[in-house]
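A.B. asks: One line per chain: the protein sequences are A and B, in this order.
Our numbering applies: residue 1 is where the first sequence begins, and numbers increase by one.
Our numbering applies: residue 1 is where the second sequence begins, and numbers increase by one.
These aren't lab readings, by the way, just hints derived from the structure by calculation.
These figures come from a predicted structure and were not determined experimentally.
Some hints could be false.
[Said to hold, decoys possible] No farther apart than 30 Å at their CA atoms in a straight line, the calculated lysine-lysine pairs in the DSBU-like style are these:
1) A:Lys224 / A:Lys196
2) B:Lys142 / A:Lys199
3) B:Lys249 / A:Lys199
4) A:Lys36 / A:Lys92
5) A:Lys199 / B:Lys128
6) B:Lys128 / B:Lys65
7) A:Lys199 / B:Lys65
8) A:Lys107 / A:Lys117
9) B:Lys263 / A:Lys221
10) A:Lys199 / A:Lys92
11) A:Lys217 / B:Lys128
12) B:Lys128 / A:Lys73
13) B:Lys257 / B:Lys192
14) A:Lys217 / A:Lys199
15) A:Lys236 / A:Lys123
16) B:Lys263 / B:Lys192
17) B:Lys263 / A:Lys92
18) B:Lys65 / A:Lys196
19) A:Lys196 / B:Lys257
20) A:Lys59 / A:Lys92
21) B:Lys128 / A:Lys74
22) A:Lys221 / B:Lys119
23) A:Lys224 / B:Lys192
24) A:Lys224 / B:Lys128
25) A:Lys221 / A:Lys36
26) A:Lys217 / B:Lys192
27) A:Lys199 / B:Lys102
28) B:Lys128 / A:Lys236
29) A:Lys221 / B:Lys128
30) B:Lys142 / A:Lys217
Each chain is listed here by its residues.
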Amino acid sequence: MSDILRLSKFSKPRRIVTGGKGLWALSIVGVRRVFKDLPSLVNGLAGLFDVMYWNFGFKDAVEICGEFIGKFKKPLLSISGMTRRSWFTRLKYSFILNYRMSTYEWKDVMNFIDMVKNRRNSKTSVEVFDLVDERTRVFNHVEDHVKLMLSIALPGFLPPFEGRYVSSSYYSFIPVENLMEGDLVIHHFPRFDLRKLDKIADVIAHVADLRAVHYAKLVLKVNKIESLDFREFTRKLL
Amino acid sequence: MRVLVLPGGGAKGFALLGVLKALEECEMDPDVMVGVSIGALIAVGYSIVGDANRLIEISEILSRKVGSILPSFNTKSRFFRFIASIYVSTFSQVMSLERRMKLLKPHLEDLKFEDLKKKVVMISTDLKSGEMVIHETGSVYKALISTMSIPGIFPSVEMNDSVLCDGGVLTNLPIDVALRYDPDEVIAIRMKSSSSFELRNAVDMMEMVDRTRRSNLENLSIRSSPVDITVVDLQLDDVGLLDFKEGVKLIDVGYSKAIEILKAS
Chain A
1 MSDILRLSKF SKPRRIVTGG KGLWALSIVG VRRVFKDLPS LVNGLAGLFD
51 VMYWNFGFKD AVEICGEFIG KFKKPLLSIS GMTRRSWFTR LKYSFILNYR
101 MSTYEWKDVM NFIDMVKNRR NSKTSVEVFD LVDERTRVFN HVEDHVKLML
151 SIALPGFLPP FEGRYVSSSY YSFIPVENLM EGDLVIHHFP RFDLRKLDKI
201 ADVIAHVADL RAVHYAKLVL KVNKIESLDF REFTRKLL
Chain B
1 MRVLVLPGGG AKGFALLGVL KALEECEMDP DVMVGVSIGA LIAVGYSIVG
51 DANRLIEISE ILSRKVGSIL PSFNTKSRFF RFIASIYVST FSQVMSLERR
101 MKLLKPHLED LKFEDLKKKV VMISTDLKSG EMVIHETGSV YKALISTMSI
151 PGIFPSVEMN DSVLCDGGVL TNLPIDVALR YDPDEVIAIR MKSSSSFELR
201 NAVDMMEMVD RTRRSNLENL SIRSSPVDIT VVDLQLDDVG LLDFKEGVKL
251 IDVGYSKAIE ILKAS
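With these hints in hand, go ahead and build the complete structure from the sequences.
C.D. replies: Structure (structure tokens):
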């Protein structure tokens, strides 16, 4: 733990900031092993985990996330750029993205939403992209099922929450626009050199990730915000 | 030293020719031109020809020829989206490199950056590292086809250990590159889109997020610059990315907007 804190140059972080597109956001599972009590600013599936963490504890949160990923494995792997897709899979998602707002509807994830219905925790803040005002926003003082829906509204996966909010993970990969003093940013950016770009659809998805990560890095650099690479984090942890 | 930053934008790049003409009239010739995609091509053209009006004449002739090579699409139509869905899932590129460059290749193939009358710098993106690549020495042609390779439309270019594509993927307004030349003055041209955006599907939604990010990134680069930046904002909505026949109309738009801003600055 002390090694990790030395790495980040923070002796006492006040909040952890993490997230990511698709499965990359699950770095929060490792982060929560260390920073058990700190509040968080998250996006993407990190929001799903964190809401469950504060409601049911670490072990159950891992289990629930596992169940969620198991149910939506193929689209989540695809969103994360972690799989080589077949021609049929590429075609299917291309049609969905071109003709619909999302692959799934809210009713498909209702059992996860119901788990935290009408509950509240003040520790998780969720960053989203507001399609109406065209900017990022943070939600903290809302019920947990709302935080959950805001987190998993990944563009193309589920519809925008209330028709206007999607996860900011497509925009900047991790939350970078709503940081404050004492934030410890932990990022888990993909290894781009390992990807196979077979078809135009793969290139387009790859470029979207490059843009989001580039933006996140630039915002952190310009604002002189210290951040920690999750790979380095886990290396120290182990 | 005056550095001019020329962004990409496909056929909308014709507006940049109008800006060059305005700069000449205001006796504000750039010492260095940093170009992305079509902006890089215009920078090379201006460096060779050395006269904005002559470059406009040549570009008008070329646009008619290029317009007959490049197809013009209504990208919002349902039929286009149907074809596009099949195409992007099946093929690795829309257009071949040879076809795209057949007009320019004979003139540029042997040209080196060192031969250019004015200093030109180009930006491309390495798809493998996700980093920006700066071209300022060696083959102009290779650098050009790299910076102009719009992902998904044109094939990427393998160079050394990199896989290069359009510089605009990461930044369409590389002010940080302009600052490397220790300028007294930076003039940056920014292409803006209209604020209204109809969200009909997930692709529209992603385009909107992309557009906001690009705009915020450009604002961030301008704000964080230690040197004052003269920004020429061009509102160019009526011309599509590959609509080179229509693009010619934008020369006057670029000229009048640039004259207005440069005379005021």
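A.B. asks: Tell me the numbers of any earlier hints that the structure contravenes, in ascending order.
C.D. replies: 1, 3, 4, 6, 9, 17, 18, 19 and 20
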